[in-house]
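Using the hints, position chain B against chain A.
Residue numbers (our numbering), protein chains in the order written: chain A, 2 to 261; chain B, 86 to 340.
There's no promise every hint is true.
Which stretches of chain A does chain B cover? Using the computed rule of at least three CB atoms under 8 Å from a CB of chain B, they are [unchecked claim]:
hint : region
1    : 31 to 41
2    : 45 to 53
3    : 134 to 147
4    : 196 to 210
Have a look at the derived ranges for each label pair, beta carbon to beta carbon [what the hints assert, rightly or not]:
hint : chain 1 : residue 1 : chain 2 : residue 2 : range
5    : A       : F240      : B       : V321      : 28 to 38 Å
6    : A       : K9        : B       : L284      : 37 to 47 Å
7    : B       : L199      : A       : V208      : 47 to 57 Å
8    : B       : A274      : A       : P199      : 32 to 42 Å
9    : A       : T100      : B       : K206      : 52 to 62 Å
10   : A       : T227      : B       : F103      : 24 to 34 Å
11   : A       : W181      : B       : L284      : 20 to 30 Å
12   : A       : I126      : B       : W216      : 50 to 60 Å
13   : A       : E195      : B       : I205      : 13 to 23 Å
Facing chain A, according to a computed beta carbon distance under 8 Å, are these residues of chain B, among others [unchecked claim]:
hint : residue
14   : L96
15   : G101
16   : F103
17   : V119
18   : L255
19   : F262
20   : Y267
21   : V273
22   : A274
These aren't lab readings, by the way, just hints derived from the structure by calculation. Just so it is clear, the structure is predicted and the values come from calculations on it, not from any experiment. By construction, the Cβ of each residue, glycine as well, lies at the ideal position given by its N, Cα and C atoms.
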Amino acid sequence: MKYLRVWKQLTNCAFSTYASNRIESATFLAAKLMRFGFLGLMIISLFRFTATFAGYTRYEALLFFLTFNLVDVLSQALFRGIYLFARDVNRGNFDFALTKPVSPLFLSLLRLTDILDIIFLIPIIGLLLYVITQLAIPITVAMMLRFIFFLAVGFIISVSIHILSAVMTLWTLESDNVIWFYRRATVVGAFPPEILAPGWQLFFTFVLPIILMMSFPAKALLGILTPPQTFTALAVAAFFFGGSLLLWRASLKHYSSASS
Amino acid sequence: MSVAKQLAYRLNLLLGRFQSLIILLLLYFLWTEVSRSTGQFAGLTSTELVSYILLVHLLRPVVFGSLSAGVADEINQGIFSTYLIKPMSHFWFCYWRELGERTVLFGAATIEVLIIAFLIKPTMPLTVAGWGLVLFFISLLIAHFLYVLLSYCIHLLAFWSREATGLRFLYYWLVEFSSGAYFPLHIVAPAALLLLKILPFNLMLYTPVMLFLGKVPADTLLSIILSQFGWLAVAVILTAVIWKRGLRRYSGEGI
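Chain A with its partners taken away, still in its complex shape:
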């Protein structure tokens, strides 16, 4: 409950910031919508020349695209604070997080809620529900539950990667590009994974598990996820989450507060 209260207060502060910079907020939201719109336009345009894309129909391809957006935007909405982490460490501000009576990891991850992304989630969820109703296969409650379950698995992996980014920052002090690298790489999840060569599919499943995070929920909904793939997803999520927490603890011991 204490952490919920802290998060609520941090979100209130973020809301005030966004509300006081209205032009900035409006243009940022417009930019996010533009990126979303153009990528969507690109996928829809592919079907002007072909009936299927990597074996998927138009609405199935859009399901991958919208699931990618849901996981991506939700992570950004909650963990925007990590984008400020490198600056905090370099300026010595991270020391203040260490002196507060809450987990420094919690504070670093959730210190800034992106209100614009929260707003952005509304059209994404609306479009996702529309696309699900347009799929050729009948969608059952069990399929929807599987979809939500794999979204949760993807979200755990996303949390882990955000923690690993913070770990890299603590070790290298010059790694604000780590999180941007991850952000740019996630675009792989906007398309069906079958377009990639098998080696790259393995890379984006186990090394940088974007396929697991963003494509598996869509595959689960379409009923094409095999039991071994399900176990793989759970094992990788557990490995990443446990590993990231261990590395975070080790990094805190390494942190020298040299910048402050």
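Frame of chain A; chain B shown alone:
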């Protein structure tokens, strides 16, 4: 100095290049997939599609830049005042400063394209020659300066508002997609294509690359180059007006 700065933060440079490489690979797989069954897609053969994305990757650092030191930030923080007392044009100072960064990135992009080309061994169709090649380089040069000028204008808007970061972000994505960096523009529906052709951004990557691939009809070559010159003139005038009016508003806040 810009080169030294780029090389000082080697991890960032490396991760930045990995980002671009992943996008390149993704686009390569995407366009290979759509042209797999028939060997062509939207009027381009598989080879032309691969050439399109490799050329875009190579030309990106030539056309796109980041005005690395952040002109808008300098205006907002008052650092800009130091340039006003220097005996040089602010625009050209920023231009040459950015050129160092572009050189490093172009070198990196060339190596990446060579590696990918070695792995996939594409047949680059050099269908243009002679005057076609000259037109390609003219088009590329205009695209380069068109981007630099428009980007500079966006940064100068910081004279009017401290809230210019969102606008720059919006501009970034608008240019990324409507320049043809992600997909050949002619794949979209005619109405959307018309809209993209009205904007000047299609002249930045799509036009030079299609010129290189010999996909621009001969009877439209002149009008395309003239259109590029026209937009360049608009950008020059716009920059001069914004600079002049912006300086009147500048208060040196933050010094």
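Hints versus structure:
1. Coverage of a stretch by a chain is defined here by at least three residues with a beta carbon nearer than 8 Å to that chain's beta carbons; for the region 31 to 41 of chain A and chain B the count is 6, and the condition holds.
2. For a cut-off of 8 Å, the count of residues in the region 45 to 53 of chain A with a CB near a CB of chain B stands at 5, and the three-residue condition holds.
3. Three residues within the 8 Å Cβ limit are the bar, and the region 134 to 147 of chain A against chain B gives 0, so the coverage statement is violated.
4. Counting residues of the region 196 to 210 of chain A whose beta-carbon sits less than 8 Å from any beta-carbon of chain B gives 4, enough to reach three: the coverage restraint holds.
5. In this structure the supplied range 28 to 38 Å is violated for F240(A) paired with V321(B), their Cβ-Cβ distance being about 56 Å.
6. For K9(A) and L284(B), the hinted distance range of 37 to 47 Å is satisfied, since their beta carbons lie about 43 Å from each other.
7. In this structure the supplied range 47 to 57 Å is violated for L199(B) paired with V208(A), their Cβ-Cβ distance being about 24 Å.
8. Distance hint check for A274(B) and P199(A): the Cβ-Cβ separation is about 34 Å, which falls inside the suggested range of 32 to 42 Å.
9. The hinted range of 52 to 62 Å is satisfied by T100(A) and K206(B), whose Cβ atoms lie roughly 58 Å apart.
10. Under the hint 24 to 34 Å, the C-beta atoms of T227(A) and F103(B), about 31 Å apart, fit the expected range.
11. For W181(A) and L284(B), the Cβ-Cβ distance of about 26 Å falls inside the hinted range of 20 to 30 Å, so the restraint holds.
12. In this structure, I126(A) and W216(B) meet the distance hint of 50 to 60 Å, their C-beta atoms being roughly 54 Å apart.
13. One distance hint, 13 to 23 Å for the beta-carbon pair E195(A) and I205(B), holds here, with the actual separation near 18 Å.
14. Checking L96(B) against chain A by beta carbon gives a least distance of about 5 Å; that is within 8 Å, so the hint holds.
15. Below 8 Å, beta-carbon pairs count as interface contacts, and G101(B) has one with chain A at about 6 Å; its hint therefore holds.
16. For F103(B), the suggested interface contact is upheld, since its CB lies about 6 Å from the closest CB of chain A, less than 8 Å.
17. The beta carbon of V119(B) comes within 6 Å of a beta carbon in chain A, closer than 8 Å, and the hint placing it at the interface holds.
18. Hint on L255(B) holds. Least Cβ distance to chain A is approximately 4 Å, under the 8 Å limit.
19. Nearest Cβ of chain A to the Cβ of F262(B): about 4 Å, under the 8 Å cut. The hint holds.
20. Interface hint status for Y267(B): upheld, as the beta-carbon distance to the closest one in chain A is roughly 6 Å, under 8 Å.
21. Look at V273(B): its Cβ gets to within about 5 Å of chain A, closer than 8 Å, so that hint holds up.
22. Checking A274(B) against chain A: minimum C-beta separation of about 7 Å stays under 8 Å; hint holds.
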